[in-house]
Amino acid sequence: MKKFFGKRPYLLFLAPGFILYTIFVVYPIFAAGSLSLFRWNGIGEKVFVGFGNYIELFTSSNLMSQMVNALKHSLTIFILTALINIPIQIIMAYMIYSKVKGKNFFQVAIFSPQFISTPVIVFIFTLLFDGNIGVVNKILELIGLGKYARPWLGIPEFGIYIVWIMISWAGIGVGMMYFIGAMKMIAFDSLESAYMEGAGFWKRLIYIVLPQIKMTVLNLVLISYVFSMTIFDYSYILGGTSGGVNGNVDVMPLFFYRMAFGDTNPLGGNISSNSIGMGTTIACVLFFMIFAIALIQLLIVYRKEED
Amino acid sequence: MKRMTDIMPMNKHQGFTAGIVKVLLWIYSSFTFLMLLYMTYNSFRERKDILGNTFGKPAKFTLDNYIKLIFEDNFFHYFLNSVIILVASLVLLVMISSFTAYGLARYKFKGRKFMRIFFLIGLMFPAQLGIVPIFQLLKQIHLINNIASVIIISAAGISMPVFMLTDFFAKLPKEIYEAAVIDGAGEWRTFFQVMFPMASPVVFSVCITSSVTIWNQFFLPLIFLQQDANKTIPLLVVKYTKNLFSTMDLALAISTLSTVPILILFIIFSNQILDGVTAGAVKG
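Order-wise, the sequence lines are chains P and G.
So in my numbering, the last one in the first sequence is 307, and the numbering has no gaps at all.
So in my numbering, the last one in the second sequence is 1284, and the numbering has no gaps at all.
Just chain P, with the same shape it has in the complex (with noise of 0.2 Å):
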């Protein structure tokens, strides 16, 4: 035994992590596969019905409204963070690499809020936007624009929007910093002598700089992609396990969690005949969402290590 090991170091210090990693991520990958091929819901008769769950879930109008709705918002919060969140961080990161005076500030202010946890920065919006108590309306009442005073947070129209701003607040940060790190990898020569000919500030950014960290920006638009059909706190916050008022702040993963957990909690309360059968099926749906974009990543960074 010992001369076997003694022989192959590695086995030992692989094994922690291979038993770790292969029981708690690997398996349940391939088991939510398999168990969303039957009807069960943990408790009672578990029957196989091959691809029925699935047949179900896109033939059903219920199930179907609920995805499509789930599936739209969180499309919706990709897209904005895609055409909106990138440009912005891009141009955050460009002027703390510019060395812009007070660069020290912004940076620990645009990060900071990634230090707070969700419940708390719903809570913040909740300070600033509540109807009642909101500082926003408080200001628009000062400002001689009362009449617009709103309960921000109760408008069914913008909750997904809010759920996006809440996100953006708490995350830009990290992008930025992505950024910054990839801007500092620049060769400096190719700036240097861009400044030289006399291009300025927008244009270095334009012409130099992100030709140079495309793969970055391609890298985070991938990354905000499965970050968005992943995100579940802010709408389960907001609007509970149904999703907000008639779903409108409902995502993927909290669809997938109202099916498989139940309407109330884990443990009890309202938990169909099929929950683990259909939960894990809209697991899997999302999972196949996710790895077809994961893998168009995965051949573009493969192509250019050929190159």
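Calculated from the structure, these hints are not laboratory results.
Bear in mind that the values here come from a model prediction, so they are computed numbers and not experimental data.
Mixed in with the good hints, there may be bad ones.
What the hints assert, rightly or not - To give an idea of the interface, some chain G residues facing chain P are shown, with a C-beta separation under 8 Å as derived from the structure:
id	residue
1	Ala1018
2	Ile1096
3	Tyr1107
4	Glu1187
5	Phe1219
6	Ser1255
7	Ile1264
8	Ile1267
Don't be surprised by glycine CBs; every beta carbon is placed ideally from N, CA and C.
Add chain G to chain P, keeping to what the hints say.
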């Protein structure tokens, strides 16, 4: 070596647009701090005063909200839960991922390439998608409502740390390892006394990113910690913010208490922490 920004006055002549952007940055950054100050300020007011007279002159400042939170509602009990989860997950995560990374980087063996890819799979699969099978599994070994469940799952997500550490160990010169072996150190002693300490910058970077995620995580505790006694701080915050009319005071106190000390720590160590984040980001 001279840095580019030393010889190039990049912060000069940025023009009008850059000026506007700078002003916006000042406003945005100040907003973040003002909101936190506003929250802290209100946490010293009585509930009636905040709800009834939000923008008026405060009736009085008091520590009552904090006293109630700490002595009546056992804040430190939940704080301890969060701390145990954080420390245990972090220690496990760092140990396991550095073992694995070292095994993958240091030794040549059949199937090494496969193993490297195998450990990367987790990057593509968010943990919540496999949560139903994990729930079934942990139910069978009676770990539901036990903080061990959250610790194990948090520590099992080793893909990113393994990736970063493998990269680091693979780039270490072989001579370091050989010198240690010539000195008579065994494989494990070499690892603990020579190799692992060298990886501390990467480990630090892993610790920073992971501890934020673990400390603030919401999904896992929500599912696995159902009983009040083993809830973590984020779940306690939700308990108070759910019904602001009756618990506005406690919501303010817990939000401040769970946020401000961490942010002060962040501000003090911001240079090191942000460098750690950037190092992790460049690798990723």
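Against the earlier hints, flag every one the structure doesn't satisfy and list their numbers going up.
Result: hint 7 breaks, nothing else.
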